[in-house]
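Visitor: The chain contents come next:
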Amino acid sequence: MTLAHRVLVVDDDNEIRETMVEILNDEGYEAVGASDGYEALEQLRDPADRWCLVLLDLMMPNMDGRTFRAEQLQDPTIAPIPVVIVSAMNDVAATAEELKVAAHMTKPIPLRELIQVVRQFCAGN
Amino acid sequence: MTLQLVIDAVSDAVVVVDSPGTIEMSNACAARLYGYPDRQLQGKPIRVLFPDDDPAARPIASLLGDARDRGCVETQIWQRRADATRFLTNLVVRSIPEGEGRGARYVLVTRDLTEQRRASDERSQEDTRFRTLVENARDYAIFMLDTTGHVASWNEGAQRIKGYSAREIIGQHFSKFYMVEDSRTGKCERELETAMSEGRFEEEGWRLRKDGTRFWANVVIAPLRDDRGVHIGFSKITRDLTERRAAELDRLSLTRTQEALRLRDEFLSVASHELRTPLVALQLQLESLDMQAATLQPKQASKISRARRNATRLADLITTLLDVSRIAEGRLTLNMREVDLGDLVREVVDRLQESAAAAKNIVVVSGESMLLAVCDPLRIGQVLSNLLANAFKYAAGTPVDVRLGRAGDVAVMTVEDRGPGISEAQLERIFDRFERAASMRNYPGMGLGLYVAREIVVAHGGSTRAHNREGGGTTVEIRLPVVSTLKERTP
Chain A
1 MTLAHRVLVV
11 DDDNEIRETM
21 VEILNDEGYE
31 AVGASDGYEA
41 LEQLRDPADR
51 WCLVLLDLMM
61 PNMDGRTFRA
71 EQLQDPTIAP
81 IPVVIVSAMN
91 DVAATAEELK
101 VAAHMTKPIP
111 LRELIQVVRQ
121 FCAGN
Chain B
126 MTLQLVIDAV
136 SDAVVVVDSP
146 GTIEMSNACA
156 ARLYGYPDRQ
166 LQGKPIRVLF
176 PDDDPAARPI
186 ASLLGDARDR
196 GCVETQIWQR
206 RADATRFLTN
216 LVVRSIPEGE
226 GRGARYVLVT
236 RDLTEQRRAS
246 DERSQEDTRF
256 RTLVENARDY
266 AIFMLDTTGH
276 VASWNEGAQR
286 IKGYSAREII
296 GQHFSKFYMV
306 EDSRTGKCER
316 ELETAMSEGR
326 FEEEGWRLRK
336 DGTRFWANVV
346 IAPLRDDRGV
356 HIGFSKITRD
366 LTERRAAELD
376 RLSLTRTQEA
386 LRLRDEFLSV
396 ASHELRTPLV
406 ALQLQLESLD
416 MQAATLQPKQ
426 ASKISRARRN
436 ATRLADLITT
446 LLDVSRIAEG
456 RLTLNMREVD
466 LGDLVREVVD
476 RLQESAAAAK
486 NIVVVSGESM
496 LLAVCDPLRI
506 GQVLSNLLAN
516 AFKYAAGTPV
526 DVRLGRAGDV
536 AVMTVEDRGP
546 GISEAQLERI
556 FDRFERAASM
566 RNYPGMGLGL
576 YVAREIVVAH
586 GGSTRAHNRE
596 GGGTTVEIRL
606 PVVSTLKERT
616 P
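From first to last, the protein sequence lines stand for chains A and B. All residue numbers for the first sequence refer to our numbering, where the first residue is 1 and numbers rise by one. All residue numbers for the second sequence refer to our numbering, where the first residue is 126 and numbers rise by one.
Think of the hints as simulated: they come from the structure by calculation, not from any bench. Everything numeric in this text was worked out from a predicted model, so none of it was measured. All C-beta atoms, glycine included, are put in the ideal place defined by N, C-alpha and C. One or more of the hints may lead you astray.
Examples of chain A residues lying across from chain B (beta carbon under 7 Å, computed) [as the list claims (entries may be wrong)]: (1) V21; (2) N25; (3) L111.
Stretch by stretch, here's where chain B covers chain A in the computed footprint (C-beta under 8 Å, at least three residues) [unchecked claim]: (4) 39-45; (5) 95-109.
Pulled from the structure, derived: some chain B residues nowhere near chain A, Cβ distances all over 10 Å [unchecked claim]: (6) D208; (7) F212; (8) G224; (9) K301; (10) V305; (11) C313; (12) W341; (13) H398; (14) R401; (15) M416; (16) T523.
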C-alpha cells in the first residue's frame, strides 16, 4: 500500500457523497467524505501526506468549493494534493481552469469515468 | 358768474349751447374732459365735440331738436376730444325754453363711459372666453346642476361622454348618469350632501351613457354660490377614464403575467436542480450494480439494466428542464472551441445507435466528412441528438438521413425523416417552447427538444428551419457559422 492512497469526496449532499464513497471503497480505494470546505480542509491536514485526490463539489454551504480551493493553495502542506471538480454546473470548464484543478466532471457522472479518473491519481489496494 | 361757479362744481362735463349750436358756457370738468384750455370752448360750434366721420351716429343737431321737442333726451354717444380722439359718453341734453329775451338754449351734461366700458368689456370678454372654454371642452363633461340635482347646463364634452344633447338632458335629474343600483340606493343624494358639507365630492366609479353602456368616470361635484353666498346649485365635472383604466389594468395584468413567468422559470430552475441531486446518487448506484452484472443472475442483471436506462431517461428530462430554465434566465453559456463537425456527427450517431435500433430506425450519415467550426461541441451534440430523438419518435421504423454540408461560410446540418410530416401552420411554431406538431396523446414528451435546439443554435449565431420533404417526412436544417474545412487547412 502506497503512502498516499486516500480519496476525499467533498459534497454537501449526503446521498451523493456516501454513494461515491461506497463505490470507491468497493473499487478498492480508501474513500472518505466531507460535507463542506471546512470539513475537507480539516480532513486533509490530518495528516496531509495520506491523500491522493480530492473530488470537489462547487456549490456547498458554509465553505464552497471555490473558497476551499483558495484555502488549500494557501497551505503548502496540502496544496499539492490534486483536485478534480465534480459539479452539476454545466459551465464548469472555465471554473476548472481558473481554480487550476487537475480535471473536471459534470454531474451526472458516468461511473466508469469517475473510476478512471480516480485510478489515474490513486493506487488502489 | 354765479351760474359759472355752480356748474364748475359739477363733476360731469356741462356745456351750454345756444339755439344755433354755439357753446355759450362750459365748466372746468368739460375743459378737462374735452382737452381744451379753460374757457376755450366758448364760442365754438357744439359739433366740434362730436366726430363727423361716423355716418351711423346721430348728428348732434338732431339730438338738440329732439330735446327741444321733448324737453330732455339721454343717449350713449361717441364724442371727440380736442386731439380728435373719441370716447364713449352718456349724454343728457335738456332744453331751456326761450324767455327773458333770450332764445332757446340747451344744457349738455356728459359723463365719460370709457372706464365703465372697459371694465364691462373685459368682464363680458372674460365671460365669453370662459363660456367658450367650457362649452368646447371635449374631454371633460362640465355642467351645472340646480340645488336639487337637475341638469341646468351642458357642454360639448358632456354630450360626447354621456351621449345626451343639451335639449334632451337639461331639466333631468342627474341620477340618469348612475348605475341603476347606485341611483336606487341614494348614492346621488349622498354625493350632493358630501359636496355641500365638505365643499367637494370626488370619486372614480362606473357611470352610464345614454346608450346604456357604462364608462369609468372621475367625478368632481362642488356647490355653487352666488355673490351673496346663496347656494344656487352644483358644478359637476366628469372625465371618461375608461381607456386609461383599461390601459392600467393591461399594465397590471402584464406585470402579473411577467411575475408569474419569472416565478415559473425560477421554480423550474430550483425544481430541476433539486430533482437532479438524488438522481445523481441513484444513477451512480445503478451503474455500480450494472458493472457487477456479470456476477448476477441474468434476470437481475436485466432488471438493473432497465432501471438504469429509465434513470438515464429521467436525467435527460431533468437536463432539458434545466436547459430551458437557463435559456429563460439568459444563463445559457457556451464553451466554444474549434471542432470537426464531421467527428461530432459520427460520435452522436454512434452514441444513439441503441435508441435508433429500439425504434427500428437506420441512421445514414452523408456529406462532408470534415468541417471545422467554432462551437460548443456538447451543445451542438445535444442539438443533433434532440433532432434525432424527434425523428426516432415520429418516424419510427424508417431510415433517417443526417447530412453535413457547406454553403459558403455556413455549415448546414440536416436531419431528414420519413415520418408523417408537419402541417404548414405548425412548421412555423415547432421551435417554440412547449409546441409540438403531434397530439400529446399519441406521442409523449414535453415539447422542449426543438426549442432547446433552436436556442442553442441561435446562441451560436446560427439558425434553424424545418420543412416538409417531398414524398413525406420532415427535414430540419441547422445552419452554423464555419471556420474552414480541414482539407483547406492542410497544405
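Visitor: It remains to establish, for every hint, whether it holds in the given structure.
Guide: How the hints compare with the structure:
no.: 1; hint: V21; verdict: violated (11 Å)
no.: 2; hint: N25; verdict: violated (11 Å)
no.: 3; hint: L111; verdict: holds (4 Å)
no.: 4; hint: 39-45; verdict: violated (count 0)
no.: 5; hint: 95-109; verdict: holds (count 3)
no.: 6; hint: D208; verdict: holds (96 Å)
no.: 7; hint: F212; verdict: holds (93 Å)
no.: 8; hint: G224; verdict: holds (125 Å)
no.: 9; hint: K301; verdict: holds (68 Å)
no.: 10; hint: V305; verdict: holds (63 Å)
no.: 11; hint: C313; verdict: holds (65 Å)
no.: 12; hint: W341; verdict: holds (51 Å)
no.: 13; hint: H398; verdict: violated (7 Å)
no.: 14; hint: R401; verdict: violated (6 Å)
no.: 15; hint: M416; verdict: violated (7 Å)
no.: 16; hint: T523; verdict: holds (31 Å)
Of the numbered hints listed earlier, those contradicted by the structure are 1, 2, 4, 13, 14 and 15.
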